[in-house]
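Chains P and X, in that order, are what the protein sequence lines are. Using the working numbering, read the first sequence as starting at 1 and increasing by one per residue. Using the working numbering, read the second sequence as starting at 1 and increasing by one per residue.
Rather than coming from a laboratory, the hints here were simulated on the basis of the structure. Think of the CB as a built atom: it goes at the ideal place given N, C-alpha and C, for glycine as much as any other residue. Careful: at least some of the hints might be erroneous.
Take a look, some chain X residues computed to stay more than 10 Å from chain P by CB distance [stated by the list, open to error]:
#, residue
1, Arg15
2, Leu55
3, Val74
4, Val119
Estimated spans, in silico, between C-beta atoms of each pair [what the hints assert, rightly or not]:
#, chain 1, residue 1, chain 2, residue 2, range
5, P, Asn8, X, Glu108, 20 to 28 Å
6, X, Gly40, P, Asn13, 23 to 31 Å
7, P, Arg77, X, Gln17, 42 to 50 Å
8, P, Ser41, X, Gln54, 26 to 34 Å
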Amino acid sequence: DAKTTQPNSMESNEEEPVHLPCNHSTISGTDYIHWYRQLPSQGPEYVIHGLTSNVNNRMASLAIAEDRKSSTLILHRATLRDAAVYYCTRQRTYKYIFGTGTRLKVLA
Amino acid sequence: GAGVSQSPRYKVAKRGQDVALRCDPISGHVSLFWYQQALGQGPEFLTYFQNEAQLDKSGLPSDRFFAERPEGSVSTLKIQRTQQEDSAVYLCASSPPRVSAGGPSYNEQFFGPGTRLTVL
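Build out the structure end to end from the sequences listed, making use of the hints.
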């Protein structure tokens with residue numbers, strides 16, 4: 001199962017929006033896209049998930065390309081507490097397939 | 001409520017020792033997963049339980065790795081004759097039954113803080 005691909009790192013200024021891209025070109029029609037984030041010395045924490053349509057929740061928005069081969073996690077106003085490694089994952093039945101993640105640095 | 005807990009949080013073992021890592025999932029969660037996370041990498045799937053049944057152990061790296069969940073709640077990951085390449089963070093996750101809103105089902109996994117294993 002092919003992993004998702006993400007940029008290794010990104011930077012953002014505090015209070016500005018952040019767009020974190022993910023490529024999942026081998027995704028199948030029934031795979032969900034999940035985003036998790038991981039703070040140092042903690043386990044991954046759920047952020048958002050979607051299948052085909054764009055999704056919004058209190059933490060973030062998820063924009064899914066029409067062909068589903070890529071998606072973008074949008075943090076509307078980055079805060080210092082959003083600094084973490086963000087993982088885009090594919091869920092196929094019960095199995096999550098993680099990529100290497102994007103380390104987000106938020107500048108004050 | 002209480003989340004997923006793991007113990008110990010840190011474990012140092014000498015090469016060749018056996019180790020046992022414990023996971024306490026969220027009460028009522030039927031599914032339990034173990035992952036291995038090497039430094040700078042994303043988590044890699046090891047094994048999956050539904051209640052006490054181990055339905056998938058395809059990710060276990062070798063026959064030195066063994067996992068069990070005898071009563072469908074607490075799980076133990078055992079590594080025999082540890083090697084240096086076993087050094088990693090071992091994550092446990094649990095999830096409730098999958099949700100299906102008229103389409104393919106999905107679930108959210110709740111992760112514990114992990115056990116950092118260092119083999120000297």
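Against the structure, the hints:
The non-interface label for Arg15(X) is consistent with chain P: the shortest C-beta to C-beta separation is roughly 25 Å, beyond 10 Å. The claim that Leu55(X) lies off the interface is violated: its Cβ sits roughly 8 Å from the closest Cβ of chain P, which falls inside the 10 Å cut-off. At roughly 17 Å from the closest C-beta of chain P, the C-beta of Val74(X) stays outside 10 Å, upholding its exclusion from the interface. For Val119(X), the requirement that its beta carbon stay farther than 10 Å from each beta carbon of chain P is met, with the minimum near 19 Å.
A hinted range of 20 to 28 Å holds for the C-beta pair Asn8(P) and Glu108(X), which are about 26 Å apart. For Gly40(X) paired with Asn13(P), a C-beta distance near 25 Å keeps the hint of 23 to 31 Å intact. The hinted window of 42 to 50 Å between Arg77(P) and Gln17(X) holds, with their beta carbons roughly 48 Å apart. Distance hint check: the CB atoms of Ser41(P) and Gln54(X) are about 28 Å apart, consistent with the given range 26 to 34 Å.
When held up to the earlier numbered hints, the structure conflicts with hint 2 and nothing else.
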